[in-house]
Amino acid sequence: MEVQLPEYSLRIMAPEIFLFLWALVVFTFDLFTKRRTGTAVGYLALLGLLITGVLMAVTSYGTGFGKMFFNDPLSLFFKIVFVGAAFMAIGSSFDITRQKIVNHRGEYFGLILLSTVGMMFLASSNELLSLYIGLELTTIPLFVLAAFYKDDKLSVEAGIKYFVVGAFSSALLLYGLSFLYGLAGTTEIVAMKIRLAETHIAHGNIGLILSLAVVMIVAGLGFKLTLPPFHQWAPDVYEGSPTPIAAFLSVGSKAAGLVAFIKIFVNGLWAFWGQEMAPNDWGVLVGILACVAMVYGNVVAIRQTNIKRMLAYSSIAQAGYIMIGMVAMNEHGLAAVGFYIFAYMFANMGAFAVVAIVEDRTGSCQIHDYRGLGWSSPLLALSMAVFLLSLVGIPPLAGFIAKYKVFAAAIAMAGTGSSNTWLYWLVGVGLLTSVFALYYYANVIKQMYFHTEASPHSIRFSLPAFGVVLIGLVGVVLFGIYAEPILEFASELPVMAGVIPR
Amino acid sequence: MGFPYLLSSLVFVPLIGMLVVMFLPKQNLGTIRWTATAFSFPPLLASLWLTWDYFFNHAHTYLMAYVEGPFDWIPSLNIQYYLGVDGISVPMVFLTGLLSTVSLLASFGIKERVKEYFAFFLLLEAGMMGVFISLDFFLFYVFWEIMLVPMYFLIGVWGGPRKEYAAIKFFLYTLFGSIFMLVSILILYFTSEPHTLNMLTLIEQGSALPHTLQMVCFIFFFIAFAIKVPVWPFHTWLPDAHVEAPTAVSVILAGVLLKMGTYAMLRISWPMFPDALRTLSFWIAVVGVIGIIYGALVSMAQKDLKKLVAYSSVSHMGYCMLALGAFSSVTAIAGCMFQMVSHGLITGALFLLVGVLYDRAHTREIAAFGGLGAHLPVYSGIMIFFSMAALGLPGMSGFVSEFMIFVGAFGALNKVLVGISVLGVVLGAAYMLRMVQRIFLGEFDKSKWGGLTEIGLRETITVAPLALLTLFIGVYPKPLMQLMAATLEHLVRLMAR
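In the order they appear, the protein sequences are chains E and Y. For the first sequence, my numbering puts the final residue at 502, and the numbers step up evenly by one. For the second sequence, my numbering puts the final residue at 1497, and the numbers step up evenly by one.
Keep in mind the hints are simulated off the structure, nothing from the lab. Among the hints, erroneous ones may be present.
The following residues of chain E were derived to be distant from chain Y, with all beta-carbon distances above 12 Å [as the list claims (entries may be wrong)]:
hint, residue
1, F179
2, A197
3, L208
4, A219
5, V295
6, K403
7, A408
8, I411
9, G467
10, S491
Below, a sample of chain E positions facing chain Y; criterion: calculated Cβ distance under 7 Å [unchecked claim]:
hint, residue
11, P396
12, G415
13, V429
14, L431
15, L438
16, F450
17, A483
Label pairs and their computed distance ranges (CB to CB) [unchecked claim]:
hint, chain 1, residue 1, chain 2, residue 2, range
18, Y, D1072, E, L10, 35 to 43 Å
19, Y, R1434, E, N306, 47 to 55 Å
20, E, I288, Y, P1210, 47 to 55 Å
21, E, V477, Y, L1048, 31 to 39 Å
22, E, I288, Y, L1048, 43 to 51 Å
23, E, V477, Y, G1381, 29 to 37 Å
24, E, I51, Y, L1029, 44 to 52 Å
25, E, W425, Y, H1490, 32 to 40 Å
26, E, W425, Y, D1072, 30 to 38 Å
27, Y, V1020, E, T39, 35 to 43 Å
28, Y, F1071, E, G417, 31 to 39 Å
29, Y, F1023, E, G417, 51 to 59 Å
30, E, G417, Y, A1496, 31 to 39 Å
Predicted model only: the values in this text are computed from it and were never measured. Glycine included, every Cβ here is placed at the ideal spot set by N, Cα and C.
Could you build the full structure based on these sequences and the hints that come with them?
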């Protein structure tokens, strides 16, 4: 029997392969230069990401490795978010690598790049196993990064906690995936969708096993997405880990969870744009989790005094908003998810960058230490205020367009039939809780501006950190006023995920 | 003669001004003040010219004038940049232009963080102008929300002792209202065919919506707008915000922000949902009457002069709601518009004058004063003039508007209800006259207030145009009526569909 080798098409993997090799270069760079490189290794990592971006731009769409690896608009969109988040995380890491992480700069930056490679593979994989491997490659470097302040109790605790919870959630995910494999007999997602639909039509109901699989996978990915009740690691880990890593966790890792979710649930378990064909209705389950996330995240965030914990709870709530877009299965839903995570990247990475700068100079993450920042460091505080207002969803910032799009998607879906009217409630909860959100975001602004006695620290910051804040600021303002190109790009997402016909 | 992009300039000139002010050197207070004021002059002149030109060339028709667009802004969401004005927006644009310049002039006393203050003020002006001229729902919402941010800062940074509480209360309350508007906008968008956010199209199609949907959207819009007005029982943010805000911000709050609520009702929800309006109009009038009486009674009990003026706003805006309840009468709706303009002028001036006194005496407690009339004749004269205007003395704009509202509402509404509302005039006279009596008449405490100085030239200049307009509209209301007549008739036709 002749063995037929699949088409490999390595060329469409060029960005991933390049970034992987570059990560190895960054790792070893320190060895050759005897750890005396200063900030050069950081710039090296940034350069690698820039080149990856260029490669992404020139790489054509297509499939490789049989049908395991897709390079389509969906994966490209998320890859842009991953690379952007990594870029901003590395940019805001320069200050801590100068002072706190002196001996392991290469490892630090290299691990961020490796994690990014994992996310990119994940976004492109169209097969359950490679998807799982991508997710692991994303997470394992992050375990190390979370614990990177070796002498700091909180950081080590963060690393251990994230490791234990992450390993547990991976196990759940893998268990759920094995059920899916058992039901469909294939790990390829598109083929799985067809097999499941066939089984569904032949037997009426696939039943308990599929429900079990859905619950397992939702739980497994829920950890990544910080959806309650799988969110509990997030505040502790965000608080303990280095601030840029917390930022990367809250954006990159969340976006990775989202893309995995889209692959499994939308590509795989939402069949053929018709509800009668759908093998299982996971929407209500996710809708309830989203609801809990918004209420819980926004309410608990009000009580926080540490800004990193506050941003952790706010990111739990933001995950809830994103999932509203996920359960709205129409031409707006996934586009809203895409735009949301894109806008969220700028605002959240920017906010964490400001937190990192302030923490670096004052040594504190307490919200009351932001008192008077608006008058001692006007640019920094103004940027922070803009990021927070974007997270609330005040126009004309990008966060507002994102929320508008998400709620528009849900209302459009709710109007399509009586079985979807529960989405109105989801929208109601989302909007009401965004009023709570205003309270705690405005509290930071209040600290920065309403106390007019100037704070003693006039904060200076380094060029890369300033660059990150500026990127965030420009992104939030620009894509609020001129959102069309991104919305246009994001409108490909539902097509690619098979929600609406091509 | 016409200016291209006249309406856009109303929004963008203050925005550019904000950016310019932000980059001025911090120490140069004079430059900052005059630059900011200078950037409010083009919109003022534009709004004057707009009023003039509209009156002579466009007032005979209800069609939108000076239309810009619709240009595509975000095509994938059908969002357009679409501006235009008609007979109800022109007076509001005029009021905004006038009060913005007046308030900027009145802000020269701000000593702390001058640069940021004026930058926020110009952003506020841009937002307010935008609300009154946008014809796309999304654009309208954007301007409506943009305004909250500078307002939050202006109250929170430059406000009185309880500024933090007042600022966040204002922000949360208004955002809470806005989310209802957002839901309504989205529902309307997805029920329209083809999907559109164009207000004029949606107004045309609105009456075809099923009754339940009309009711839901109407009530949602009502919550959003009623909080802004504020209609009793949504008024509780108003006294806090007014009392804590610096003088000029109180002027803008009373003069322009409150009008946005009633303007939005007239522009959007009233003509869009005629069925719902018919069902609910009586209850709207009832809420209005409660506001009139409640506001007046609470004013009477106030010890703080600024709080008295703040609660009198609740009472005065109650007249607007009563008129809006009597939607079938052109006279009542015209009275509502008159009341909006005249309340903007009179209450704006009253807040300015309270500020003048507070700057000198550092207290606003009514009981602390007495006999100021002899010591400060000019100030007392102006203050008494505006108090008389506020209580509706014939010959001033307040009388015209209240008279029109009563005449209109008496024909269109339950007569007992209108009868009760007339009590508000008596109560209004009572609290205003008591205030005048206790501050300006009686014993003068020379040892305490002997050092008070007379109202200055800049302060007189700021209130003078308001006084002249109050008198002009009071004596000769015809031009304003002619300006709005065609639009109002069209609106009433739409509401009576």
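Structure-based check of each hint:
no.: 1; hint: F179; verdict: holds (37 Å)
no.: 2; hint: A197; verdict: holds (29 Å)
no.: 3; hint: L208; verdict: holds (37 Å)
no.: 4; hint: A219; verdict: holds (31 Å)
no.: 5; hint: V295; verdict: holds (15 Å)
no.: 6; hint: K403; verdict: violated (9 Å)
no.: 7; hint: A408; verdict: violated (5 Å)
no.: 8; hint: I411; verdict: violated (5 Å)
no.: 9; hint: G467; verdict: holds (21 Å)
no.: 10; hint: S491; verdict: violated (6 Å)
no.: 11; hint: P396; verdict: holds (5 Å)
no.: 12; hint: G415; verdict: holds (5 Å)
no.: 13; hint: V429; verdict: violated (11 Å)
no.: 14; hint: L431; verdict: holds (4 Å)
no.: 15; hint: L438; verdict: holds (6 Å)
no.: 16; hint: F450; verdict: holds (5 Å)
no.: 17; hint: A483; verdict: holds (6 Å)
no.: 18; hint: Y:D1072 / E:L10: 35 to 43 Å; verdict: holds (42 Å)
no.: 19; hint: Y:R1434 / E:N306: 47 to 55 Å; verdict: holds (52 Å)
no.: 20; hint: E:I288 / Y:P1210: 47 to 55 Å; verdict: violated (30 Å)
no.: 21; hint: E:V477 / Y:L1048: 31 to 39 Å; verdict: holds (33 Å)
no.: 22; hint: E:I288 / Y:L1048: 43 to 51 Å; verdict: violated (57 Å)
no.: 23; hint: E:V477 / Y:G1381: 29 to 37 Å; verdict: violated (49 Å)
no.: 24; hint: E:I51 / Y:L1029: 44 to 52 Å; verdict: holds (50 Å)
no.: 25; hint: E:W425 / Y:H1490: 32 to 40 Å; verdict: holds (39 Å)
no.: 26; hint: E:W425 / Y:D1072: 30 to 38 Å; verdict: holds (33 Å)
no.: 27; hint: Y:V1020 / E:T39: 35 to 43 Å; verdict: holds (37 Å)
no.: 28; hint: Y:F1071 / E:G417: 31 to 39 Å; verdict: holds (35 Å)
no.: 29; hint: Y:F1023 / E:G417: 51 to 59 Å; verdict: holds (54 Å)
no.: 30; hint: E:G417 / Y:A1496: 31 to 39 Å; verdict: holds (35 Å)
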